[in-house]
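Listed below are the residues making up each chain.
Protein chains: 4
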Amino acid sequence: MNSFGTLFRITTFGESHGPAIGVVIDGCPAGLEIDEAFIQSELSRRKPGQSKITTQRKEDDSFQILSGVFEGKTTGAPIALVIENKDQRSKDYSHLEKTFRPSHADYTYQTKYGLRDHRGGGRSSARETAARVAAGAIAKLLLNKSGIEIQAYVSQVGAIKAPPYTQLDLSKTESTIVRCPDPATAEKMIALIDEVRLSRDTIGGVVTCVIKNTPVGLGEPVFDKLHAQLGKGMLSINAVKGFEYGSGFDGVTLRGSQHNDEFVNDKGTIRTKTNHSGGILGGISNGEDIYFNVAFKPVATIMQDQQSVDTEGNEVTIQGKGRHDPCVVPRAVPIVEAMAALVLADFLLRSKLSKI
Amino acid sequence: MNSFGTLFRITTFGESHGPAIGVVIDGCPAGLEIDEAFIQSELSRRKPGQSKITTQRKEDDSFQILSGVFEGKTTGAPIALVIENKDQRSKDYSHLEKTFRPSHADYTYQTKYGLRDHRGGGRSSARETAARVAAGAIAKLLLNKSGIEIQAYVSQVGAIKAPPYTQLDLSKTESTIVRCPDPATAEKMIALIDEVRLSRDTIGGVVTCVIKNTPVGLGEPVFDKLHAQLGKGMLSINAVKGFEYGSGFDGVTLRGSQHNDEFVNDKGTIRTKTNHSGGILGGISNGEDIYFNVAFKPVATIMQDQQSVDTEGNEVTIQGKGRHDPCVVPRAVPIVEAMAALVLADFLLRSKLSKI
Amino acid sequence: MNSFGTLFRITTFGESHGPAIGVVIDGCPAGLEIDEAFIQSELSRRKPGQSKITTQRKEDDSFQILSGVFEGKTTGAPIALVIENKDQRSKDYSHLEKTFRPSHADYTYQTKYGLRDHRGGGRSSARETAARVAAGAIAKLLLNKSGIEIQAYVSQVGAIKAPPYTQLDLSKTESTIVRCPDPATAEKMIALIDEVRLSRDTIGGVVTCVIKNTPVGLGEPVFDKLHAQLGKGMLSINAVKGFEYGSGFDGVTLRGSQHNDEFVNDKGTIRTKTNHSGGILGGISNGEDIYFNVAFKPVATIMQDQQSVDTEGNEVTIQGKGRHDPCVVPRAVPIVEAMAALVLADFLLRSKLSKI
Amino acid sequence: MNSFGTLFRITTFGESHGPAIGVVIDGCPAGLEIDEAFIQSELSRRKPGQSKITTQRKEDDSFQILSGVFEGKTTGAPIALVIENKDQRSKDYSHLEKTFRPSHADYTYQTKYGLRDHRGGGRSSARETAARVAAGAIAKLLLNKSGIEIQAYVSQVGAIKAPPYTQLDLSKTESTIVRCPDPATAEKMIALIDEVRLSRDTIGGVVTCVIKNTPVGLGEPVFDKLHAQLGKGMLSINAVKGFEYGSGFDGVTLRGSQHNDEFVNDKGTIRTKTNHSGGILGGISNGEDIYFNVAFKPVATIMQDQQSVDTEGNEVTIQGKGRHDPCVVPRAVPIVEAMAALVLADFLLRSKLSKI
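In the order they appear, the protein sequences are chains D, V, S and Z.
Counting along the first sequence from 1, when you hit position 142 you're at 142 in my numbering, and nothing is skipped either side.
In short: position in the second sequence from 1, add 1000, done, that's my numbering.
In short: position in the third sequence from 1, add 2000, done, that's my numbering.
In short: position in the fourth sequence from 1, add 3000, done, that's my numbering.
Simulated from the structure, these hints should not be mistaken for lab results.
Just so it is clear, the structure is predicted and the values come from calculations on it, not from any experiment.
Don't take each hint at face value.
Facing chain D, a subset of chain Z residues (Cβ under 7 Å, in silico) [stated by the list, open to error]: (1) Phe3013; (2) His3017; (3) Pro3019; (4) Val3024; (5) Ile3034; (6) Gly3049; (7) Ala3077; (8) Ala3080; (9) Tyr3165.
In silico negatives: residues of chain S with every beta carbon more than 10 Å from chain D [stated by the list, open to error]: (10) Leu2007; (11) Pro2029; (12) Gly2076; (13) Arg2089; (14) Ser2094; (15) Thr2111; (16) Lys2145; (17) Glu2195; (18) Asp2250; (19) Gly2268; (20) Asp2289; (21) Leu2349; (22) Ser2354; (23) Lys2355.
We put the CB at the ideal spot given by N, CA and C, even for glycine.
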């Protein structure tokens, strides 16, 4: 199903080369002021063509709200939001109608559905994430009322890594085109992406996300743990291969006596001395910073010839064509934030029901 | 909510020190033969007290099926399965009634719900996973009809790592108490866990899971991608901090030209030359091996004194007491398999509806 | 699926002649005091063998709570509640193993599932409703905190009808074995049921339910209208053939000018002069009494010979045997109340999220 | 939530006077041919202004499909369908901004959400049902592949009733503007509606629906019984006050020996001699005709002065203005069919999973 969330629930629709993509948001409480300029600014952070290190497809990603907002405020009715597709070049894809691009979804969609919209990846295109970013912007507006702040940034491109988030000034994230708040690291990352682009290749990276000011109590025990739902949200983004929060994979080498976060009474507030837990205990937020990493593979579309097969099973050579990102992580930053916002908005609503 | 899955859906219930834990499985098709001995054997792989490197709590974890099975076969009605708690020692926890154990869920539960069952962690106890293992065993019986095989093993304890799965004989997993199929690595792992146990501490680890013979077409586009749901399932297991599949976090350093899996025609079957994709393209299985890693933190309960606060906010010292695992991964192997089986069974049913 | 409700959600399980039936309640807020005696008293209103006009199967319907309650209060964890089957007489059904009883679910279950538990109707037995009554009792405890009161009664047996509810003293409902609060009508109803029983036949009836003190705002627009979900809940009860609320089927003959309920300001409270709307406008409660009727067909099991076919398609004669109710409505009263309570508890929780 | 259905799932959006209304259909299998002319013809059966006995608002209700269809066939991706609002006259409603119309949803929406779109009823307008009709048309295309046929008609207006459906030629339903297949009854109904319209009043009615050629096995036990979900779907339609299937409310006066439908072997097919069950046993279709009645109240908007209160609690007189239907049932016929189709399409998909 194409829905995400339980109480703050989105359903996205649309293909890369159809007339439009969009989203229906169901469950947004009434009375929330909708700042359309903010939604647009979030979409612009994700849109193609925003810098030399992104795809050159031109979409202004302007949107129209069809329902659910009256005189600038949400009414409690579902909010439908539509973004037209304008700069699709379907003929760029006509040579792919009968072939399966390596590490793309062509083969699995064709087998699963018996047919597919081959133009630009159809439903499997990352263009779908524009709808998530628009919905995520509305979720952010809701979270802002509770003071919750979400900030993601590029922490790794190829083997180039930024220092830990606690050593960074995250307010500088948007000041570089690669969205790494550390200027020196950002410079190296941009140089690497440029080199990769010129060699007609692509490269992977990591986006780190930090959530501050979360109240204690978001997340549900057992299956809908806060980090489990965050993980699902992140893994549902195109090209994502891994998710870890708090101490993550590195934490497995620690002893319990090193890893445990002791509680202290900080002027009346219960806090922890360290935060290997990543702000989540037993699947429920404890008030400390929530932080997690999301691994993105190198983009599958490369400007090089590749061996493959066609729908008849014949082995063929696919030529690299079209307009694509050499590295997806700079544009993935607002998508990661959007999915985090959607998860938190949902749990914020759910948390209102935990006790009588 | 305490449910997992869309069409093959489980709901678990029960606390560590209540009369029983259990699970209701809804959506299992009628006509499946239920092999009770197999369910028991899966529970025995997870049960406490099975070896010197696990907790010494004694539970035989025998179960009773209350509904949904008639003359050895499922009827299509919900299957309720109950496991009694027998060896709980609630008095071991009386000193914890008013304190918050570091890196446990005590504080977040107390704040979220206004009260909590402090005995053995209550609902947040890993004892809940016995219900998942029982349900997962039934999911495995369903998957077996389609030839799908799931095998997990311990691939890392602390900094000790096993070779990649393609170099291992996974059928040997159960031959060592640490559930690592490589005898030399297993020996080192056991020695490390023993040392950690004697120092009254704990250590983390990684479980790797491999799924073979999956048909093409399992998983849904966009939010319910196969790996997104697998990730959620794994992250919902107690103590899990990270999930990666296929090339995972290491894949971010590769170029697209290295990472892409070219298609070939292998005697009439479309296969890929390499498998960085981990058997999943666009969220849908492509017929290759699915493999993923799950990171477990060191167990939070240690046999050492720790600083903390109580429910009044007073700073207190907590003494290490009770019966716990020095390293959770050996017993986590069947839990990882169970969650994988539940995810696959659900997608197997969903896949029957993808085309007319 | 065997679940009902969105936020206050129950999942029932169990067959008529299995070891037990039961229910898992998920989403009950923490901190609710559980009055076990009240749950038992509700079960006793539904239990078989309570009077001469009900089936003589003897079940005391005692229950055990397995989880989710600690020191008398809900913890926010799922509440599992189990009721043992004790007086099943499966041999009474051995002659039915291969035949399809008229107007029972034998034929449709057999065809849908390929097999069935024929003993006592298996999953299709009205015994399942005991689990609903237990869950409904907990829902009532939650509703009581908001002052909401639910009272159902028998308003019709065969062609014998009670006066409208506004002319009745509903507190007298439990004073007659037929659960009609009007003594004169009750007497006639009991006489009719007795006559029907002696003629080895059965008869239908109507249960009316009245809900008082509902706050304004329960129910959701469009698909989850309050009366739509009430209707679904009632129609899901065994033997129900119809549902109407407010003016119901009779209202179709009125003109709008007669039917509309004009608003008045009653000492600061907005009220309506009449209540053809049945307390619901646009699917949302308006604070007036909610009232509705539920039609029950005559019980399908009769003590007479009937023509039918067996699983091989042979025409056969089925003899009337076993222990059954000549008229289901007296025992249906607590079931109707339970389903109403479950619907309202769910909407009460949902209503907390309608505005920021 | 604004969604309906489990596997064939729709989400509608839009208000009466916003830019557009629409629907997203999720779960439609791939490969279904989409006949756009058929969808349009269904919308035209519902659209306003189609005859002298309907409202004179003019909407051509042309639609655009934004996604999920490629080269005339469904792709398995969500189908978004949008219908523009063109002839809204919001100024007709400016006098209602601060008043609560009797028997409308103004008061309950205002209280529930703290604000409301007062223009034309906003989200509570029956205009929303156009989206259902469009989605229902696609559901019908899916059902047609299985031979299932759905036909509704007007069986009652005020006190004027048509004969039982078994005595009617349903293919004549569209031949009269009131959609009653019996010409003599239709004439009387039209005369009554005309009289009501001239007296600036409204009148209620009943729509009967008949579903033929349903396979055995649609519907789920316990809560999601076929008739329970049909009932919910019907009760969710604006102005509906009651639902009954098979023998319905009249059946309560019968004895079991009269009401039971005996099985016979009809040349190898198991059939029933009578059909008081309305084609459903234990919540599951048995292959006989499914038939049910849906009661609609008189439209609340009348062209007469009415007493009411405003948002400040002042008592006010509301003048009858605007364009409305004197009787809703002729236009309700395609809506009833659409909801029936949506329910059946969902259960048809679910039925594919009942056995291994």
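Was the hint right that Z:Ile3034 lines chain D, CB cutoff 7 Å?
-> Given a least distance of 13 Å, the restraint on Z:Ile3034 is violated.
Assertion that S:Leu2007 lies farther than 10 Å from chain D (Cβ) | 6 Å, violated
Is the Cβ of S:Glu2195 farther than 10 Å from every Cβ of chain D?
-> 48 Å, holds
Status of S:Gly2268, Cβ more than 10 Å from any chain D Cβ = Given that every Cβ of chain D is farther than 10 Å from that of S:Gly2268, nearest at about 24 Å, it holds.
Beyond 10 Å from each Cβ of chain D, as asserted for S:Leu2349 = 5 Å, violated
Beyond 10 Å from every Cβ of chain D: is that where the Cβ of S:Pro2029 lies?
-> 5 Å, violated
Hint validity - Z:Phe3013 Cβ closer than 7 Å to any chain D Cβ | 4 Å, holds
Evaluation of the interface hint that places Z:Val3024 against chain D, nearest CB under 7 Å = 5 Å, holds
10 Å cut-off, C-beta based - S:Gly2076 kept clear of every residue in chain D = 6 Å, violated
Over 10 Å to the closest beta carbon of chain D is the bar; see if S:Arg2089 clears it.
-> 39 Å, holds
Are all C-beta atoms of chain D more than 10 Å from that of S:Ser2354?
-> The claim breaks: S:Ser2354 does not keep its Cβ more than 10 Å from every Cβ of chain D (closest is about 6 Å).
Can Z:Pro3019 be said to touch chain D, with a Cβ gap under 7 Å?
-> This interface hint holds because 5 Å falls under the 7 Å limit.
Consistency with the previously given hints fails for numbers 2, 5, 6, 9, 10, 11, 12, 16, 21, 22, 23, ordered from lowest to highest.
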